[in-house]
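2 protein chains.
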Amino acid sequence: MRRPRRVAVSSATYRSDGGRPVTRPRPLVARGDPADSVRVVGEFGVIGRVVARSGTAAAAEVGPGDDAAVVRAPDGRVVVTTDVLVEGRHFRRDWSSAVDVGHKAAAANLADVAAMGATATALLVGLACPPDTATSWLEGVAAGMAAECAPLGAAVVGGDMVAAAPDSGSIVLSVTALGDLGGRAAVLRSGARAGDVVALAGRLGWSACGLAVLRRGFTSPAAAVTAHRRPLPPYAAGPAAALPGATAMCDLSDGLLADAGHLAEDSGVVLDLDRAALVRACLEPPGPLQQVASALGEDPMAWVLTGGEDHALLATFPPEAVLPEGWTAIGAVSAGPAGVRVSGESAAAAARSAGAEGTGHVHFS
Amino acid sequence: MRRPRRVAVSSATYRSDGGRPVTRPRPLVARGDPADSVRVVGEFGVIGRVVARSGTAAAAEVGPGDDAAVVRAPDGRVVVTTDVLVEGRHFRRDWSSAVDVGHKAAAANLADVAAMGATATALLVGLACPPDTATSWLEGVAAGMAAECAPLGAAVVGGDMVAAAPDSGSIVLSVTALGDLGGRAAVLRSGARAGDVVALAGRLGWSACGLAVLRRGFTSPAAAVTAHRRPLPPYAAGPAAALPGATAMCDLSDGLLADAGHLAEDSGVVLDLDRAALVRACLEPPGPLQQVASALGEDPMAWVLTGGEDHALLATFPPEAVLPEGWTAIGAVSAGPAGVRVSGESAAAAARSAGAEGTGHVHFS
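Note that the protein sequences, when read in sequence, are chains A and H.
Add 837 to the 1-based position in the first sequence for the working numbering, that's all there is to it.
Add 837 to the 1-based position in the second sequence for the working numbering, that's all there is to it.
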């Protein structure tokens, strides 16, 4: 089907994450210099500019520009995952710069690769954007992705760019990440066994704290806001956990209680989390989380338990395993009806007593 | 970031491909049984139903449900490509069934894998959809993808589902395909050399013909309409072309002249297409293309030269090569400023003389 010659961009009614109309921020579609728009620069011009920002993947045998990319998979298996980020749901252009969005979109996928015990090798990016999207904004996203990938030796090796739906002024980014297991077994969500140690790598609650700050119209403390804009997943901790035989692992993208619940369910076990250990791991020494929580009259434990998008990793290890660098014990696995407990409380009760609205993301509600 | 609790679905002004308002078709968001909506069924319920329709990939070591999938890559390299399909641009729910959309979305990606000389092993699917999307529609898409993949032994091994942008009532599908080269060199677009034979595998003009029928409100001849809804890429012809040493190859998704132009450019050569050979390959014996063209007063050669989405394959072979099954010679490669000629005419002149508006897709115009 030919693509249309004219595009009706609807006048978007922007809504905050809570569904409440907010003071209208910058238009969803940045209308800067018209000469910079995707419509004027054209598909191939935009792709050229974006590819120039994308760096080179060490594992790429064929990079962008052909029908498909060719990526080395020395293990003989490839780990692959995909995430979709929608403007107005997963990012806002008035809260995050283009470079921030690139970092965040890459991180969400790279963390999923790490959560299998693998090392990321390459990304692909699908983009649906309104024709008046600024090319410089897309270059910023590419630069952010490249910067997030570079320490891993990964980069964007291919993608697709199309015009957004005729009724939409919003950008949709779809990112696929590939990874290599280096001969190790993949660490699934289903392998936790009673007696295992539950351990955490990375930060929790920081992204939610930064979001709370942004929602109230503030931009400091910068550490919290930056954590929301550019999460810092502990990529190396994934493969490191596989070496001493992690029995199960997952990325914490929807919040600790929610994702621990998925792991517990898939493994058919109870994850007994220790509140004191969580406090030690996530809230000591006191920092921006306490500072913001105190200013807002909230309990920072709500963010630790239910805040998403930090992309920390949760894993279970055999009791005799020495936890690798970056991992901290926060509980133990026991037998029983699958679920999560926090120092004996149910997940729902623990979330409630911290003042959280639920145990994590509820999609499509 | 939490996803919103309420979603504003804009009242979409549907526009035809030509940008002209058309008689309002079925609403972009199918509102059947509310109990069938994604909002009510919920993310995990929908994923469960969709996965149940998705079949199993022979190469999948870990399928849907974990942080990432694990797909065998016996070649030690993986071919990977991604395509984004936007409702109202790449498909219309009143012109194609859910199963059709699944077939088409899979085919576009599987053909890109074939165009590298590889065999597809797995798909991943990212989906952004309005919360009132019918779950049964998504099941139909999954069934169509599964049916398109099954003959190759491939299947969907993972994905992501999120709510569409707050301002959009349209569905965005993002499909990533993986493939294996089976020890063969990847066939790029850049390897054509003067003296090579230009050859075609698959059909041309059928999808454009079907689109012309649908645009005028008709649904027959069925063969043409079906070709638009479910293209028939010659998957096996890709790896088959690699064996006798195809020097360059590409998928014809934007139209023969447009994509041949990319191959010519990347190889730095002239592709001299032979009009009589093209007529023999694409318009003989006479069939639906002539029938529809005659009814509409159009030249079927316009569809052959510029119609997209049939996902035929174009390749160049060394002069001494024996063309594999499914391939037909349609021209020769010569030296000169990169471009495409049709029996001596420039691509633009050939398109014009067939009555086509341009040489192929113009994106973001």
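Hints should not be assumed to be uniformly reliable.
Distance windows between CB atoms, simulated [said to hold, decoys possible]: (1) A:P1155 with H:G885: 38 to 44 Å; (2) H:E1121 with A:E898: 49 to 55 Å; (3) A:G1019 with H:G879: 33 to 39 Å; (4) A:P1122 with H:A1022: 53 to 59 Å; (5) A:G1082 with H:D870: 44 to 50 Å.
Covered, in the sense of this in silico footprint (three residues per stretch, anywhere, with C-beta under 8 Å from a C-beta of chain H), are these stretches of chain A [what the hints assert, rightly or not]: (6) 1031-1042; (7) 1113-1120; (8) 1129-1139; (9) 1158-1167.
Chain A side only, calculated, beta carbon under 8 Å to chain H, not exhaustive [said to hold, decoys possible]: (10) S1011; (11) E1102; (12) A1185.
Hints are computed from structural coordinates only; laboratory data are not their basis.
Glycine included, C-beta positions come from ideal geometry on N, C-alpha and C.
Hint check results:
1. A:P1155 with H:G885: 38 to 44 Å: Once the Cβ atoms are compared, 31 Å apart, the range 38 to 44 Å for G885 of chain H and P1155 of chain A is violated.
2. H:E1121 with A:E898: 49 to 55 Å: 40 Å, violated
3. A:G1019 with H:G879: 33 to 39 Å: 37 Å, holds
4. A:P1122 with H:A1022: 53 to 59 Å: At 57 Å between Cβs, range holds.
5. A:G1082 with H:D870: 44 to 50 Å: 48 Å, holds
6. 1031-1042: violated (count 0)
7. 1113-1120: Violated: only 0 residues of the stretch 1113-1120 of chain A have a Cβ under 8 Å from chain H.
8. 1129-1139: violated (count 0)
9. 1158-1167: violated (count 0)
10. S1011: It holds, given that the least Cβ distance between S1011 of chain A and chain H is near 4 Å, below 8 Å.
11. E1102: 10 Å, violated
12. A1185: 17 Å, violated
The structure is inconsistent with the numbered hints 1, 2, 6, 7, 8, 9, 11, 12, although it conforms to all the rest.
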